[in-house]
Amino acid sequence: MSAIRIWWLPVLMGIGQLLVWPVAPYVFTQPPQPLDAAGAVVITVVLVVALGWRRRAPVPALVVAVIAAGTGTVVLPTDVLMIIGVADLVILYSLAALKPARHALVAVVLLLVIWISTLAASRDPDLGWAIGLVVIVYTGVAALGANRGRWQRARAAAAGRLLAAEAEQRRAAEAERERLARELHDVTAHHLTAIVVNAGAARRLGAGKPDLVWQALEFAADTGRRTLTALNRLVTVIEPGVGEPLAPRLARLATTARSAGQQVEVEVTGPAEELPPTVIDAVFAVVQEAATNALRYAAGALVSAAVTVSADSVLVTVTNPPSGGADRSLGSGRGLVGLAARAKDLGGTFEAGPCPIGGWRVRASVPVGTRTQRQHRLLSSEGALDAAIVLLVLIPPMLVMLIDTKPVREHWWLLALLILLHASPVWWRRVAPWRTLAAVTCAGLAYAVIITVTHLPTDAIDPLVIGFGAEMAAVWAVALRARPAAWTWCGAVGAATAVAAMIIIVGDEMRGLAGTPQPPLQIILSFAVVGMIQIVAYTVFLLVTMWTPATVLRRRRERTLDAEAVALRAADERAAAAAQDQRQRFAVGLHVSVIEPAERLIAAAESVPPDASPAAALAAVDQVIAEARAGLAAMRELLGAIQPMPAGDRSAPPRGIADLADLCAERRIDLEAGPILHPLPVAVDLSGYRIVDAALDTDDTAGTVTVSVDHIRETLVVTICGVPGATRGIVAARIRARAAALGGKIRFDPAGVVQVHLPAPPEAAGPASAGEVPASTSA
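Read left to right, the sequence shown gives residues 2 to 780 (my numbering).
Because the hints were derived from the structure by calculation, they are not lab data.
Don't take each hint at face value.
As the list claims (entries may be wrong) - Derived Cβ-Cβ restraints for the label pairs, each shown as a range:
no., residue 1, residue 2, range
1, 612, 246, 54 to 62 Å
2, 25, 158, 44 to 52 Å
3, 354, 264, 18 to 26 Å
4, 50, 313, 45 to 53 Å
5, 532, 275, 43 to 51 Å
6, 275, 715, 32 to 40 Å
7, 8, 676, 47 to 55 Å
Quick caveat: nothing in here was measured; it's all calculated off a predicted structure.
Glycine included, C-beta positions come from ideal geometry on N, C-alpha and C.
Please put together the full structure from these sequences, using the hints given.
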């Protein structure tokens with residue numbers, strides 16, 4: 002398909018050229034000389050090949066086309082290469098679209114030098130008009146090509162931003178999983194393991210050393226309370242307001258932090274409502290991480306967050322005073338490193354360290370967007386295109402004026418000033434199209450009036466006529482950019498009226514009336530009729546050639562930009578939702594799998610009165626050990642659910658629903674599996690297998706054990722019957738944690754039935770990470 006797009010135009014131009022000459026003369030008129038016909042065929046083939054290479058190698062293709070066309074002009078009869086002879090224009094268009102502006106500029110200059118030299122050698126009496134036409138054609142083609150290239154590069158950049166946003170969606174979910182897993186491990190694993198080890202030692206030695214049992218219970222209660230406090234603080238910073246503006250999100254974070262006993266004050270200044278989602282997420286992450294660190298290391302201290310939004314950046318400063326005692330084992334220190342990397346990716350800066358007056362300070366600066374390049378406009382593609390358009394409407398009138406008759410050249414300074422005033426406003430057509438049109442038409446009218454009043458020769462009109470490209474460019478700019486769009490047609494009418502007035506003013510009839518005291522009414526009416534006819538004609542011309550194409554292009558551009566903005570906004574929202582989904586599922590799983598066992602552990606450790614018997618104390622120790630082990634097992638399942646496939650571990654593929662047949666066959670268990678309607682999310686696929694595996698690990702079975710798997714709409718239903726041991730204890734905690742982490746629902750029947758409903762929507766299109774989970778939060 003790509004080859005067809007490249008070669009269809011060269012082939013059609015080549016066939017058309019050969020049909021026009023030399024085939025047509027053989028059929029309808031006098032046959033050409035055989036040598037001329039052969040030369041035309043060879044040159045046509047060379048130009049067709051050059052056109053075919055216009056995208057891969059536009060510069061060599063243009064060189065070959067110029068040489069071949071020049072050779073044909075010299076050795077062949079005049080004007081026989083009428084169709085294929087414009088190959089250099091086609092290649093110039095591609096060169097301007099594909100290469101930097103300097104390549105197109107050099108190419109246009111060289112081509113104009115060649116053409117002007119050729120025209121000067123021909124001594125054409127209309128040399129000025131011919132040179133002006135050549136300048137307009139070649140400069141215009143290069144400008145159109147440059148504009149097309151800029152549009153394509155902008156679309157490619159937009160597609161790149163969309164791909165980056167989709168990658169950010171996957172990265173956000175992965176990063177949030179890693180952060181939450183790291184935080185959970187930091188605040189839970191060490192403490193629960195210490196409780197198990199300490200209580201286990203007391204259980205073994207308790208018969209000979211009763212004091213160890215009471216010390217173990219006291220240690221379990223104290224460590225359990227610290228673990229529970231840390232877990233509640235972790236839940237506090239899992240904030241549910243992703244997708245909201247910055248100020249409400251920060252206010253919610255401050256409120257939830259204060260409810261956990263941490264004083265947080267947030268101040269937002271500047272237009273925060275206009276910030277893009279990526280910047281909002283980055284700023285919120287800085288405040289969130291700083292609040293998390295304060296919860297760890299300066300519990301109860303005042304945390305002050307100041308967010309200052311300016312035109313080009315957002316400055317975030319979070320400070321907190323020092324704290325006397327802090328548990329340094331609760332953090333890994335990786336959060337600040339991640340924030341520094343995130344700020345760097347956005348082109349900002351990040352620093353964290355002690356304050357000079359004590360305490361801790363986190364400071365980040367995130368740019369709102371790319372800085373404009375108006376101060377270096379000529380260095381941008383838009384600036385180069387604007388310069389080309391200005392030269393396009395400026396140089397031809399100048400050349401016509403300088404090559405015109407001697408009486409005209411004698412007033413070159415006045416005409417040059419008028420031409421410059423007429424053409425220069427085109428430079429501002431992007432930023433002020435209506436004012437540009439007004440300035441151009443006023444300058445043109447001033448040109449016509451000055452010529453008439455000063456009685457300059459009639460030839461002085463020529464630069465004004467060939468300079469009407471300024472009005473055309475202004476009408477195009479109004480149709481393409483001006484507001485309101487519904488009234489841009491008035492620009493064509495206004496320009497046509499001004500052009501008609503210029504023609505009437507510089508006409509010989511108006512010059513003849515200049516000395517008449519009172520022109521006859523008939524002459525005035527005739528001027529009015531002629532003027533109306535000219536206005537209508539010029540209006541139709543401008544509407545057809547300038548306004549209509551520009552309006553069509555404007556609507557197409559707005560549709561494209563709107564579609565890109567919608568897609569990018571949707572990708573940003575999906576990225577935010579992916580991270581928030583991880584937080585919500587993590588919070589649900591944390592409550593079910595870790596916080597509840599920790600609360601039961603504390604209750605067991607505190608349930609024994611000081612005067613209780615040694616047997617009661619040992620029973621409490623046994624319950625503490627059981628709850629701590631249940632918490633550890635549930636934590637591992639929770640981590641496995643939110644990170645089903647650890648990064649870097651690809652030696653053996655994880656087992657999923659498809660492997661249940663082998664598992665059940667190994668254990669001689671009946672399996673009833675319905676059809677899987679669509680590919681399951683990775684986390685659901687792996688968790689379904691792990692739930693069945695965990696339930697079958699119990700030794701407490703009753704009757705026949707069966708497993709059934711059904712995929713009903715967007716839910717995976719896993720049912721295990723005949724396993725009473727899986728409805729309680731560590732096994733139940735593992736299953737509950739795994740289901741809760743995925744937003745699932747679970748039902749335990751003491752008779753030995755475990756039924757789990759896991760949300761299983763279709764996987765999103767595009768490359769997916771192995772650890773992604775569906776965006777569902779039902780529990």
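Hint by hint, here is what the structure shows:
1. 612 x 246: 54 to 62 Å: Since residue 612 and residue 246 have Cβ atoms about 59 Å apart, the given range 54 to 62 Å holds.
2. 25 x 158: 44 to 52 Å: 47 Å, holds
3. 354 x 264: 18 to 26 Å: At roughly 22 Å between Cβ atoms, residue 264 and residue 354 fall inside 18 to 26 Å, so the hint holds.
4. 50 x 313: 45 to 53 Å: 50 Å, holds
5. 532 x 275: 43 to 51 Å: 49 Å, holds
6. 275 x 715: 32 to 40 Å: 37 Å, holds
7. 8 x 676: 47 to 55 Å: With Cβ atoms ~49 Å apart, the hint holds.
The structure meets every hint from the earlier list without exception.
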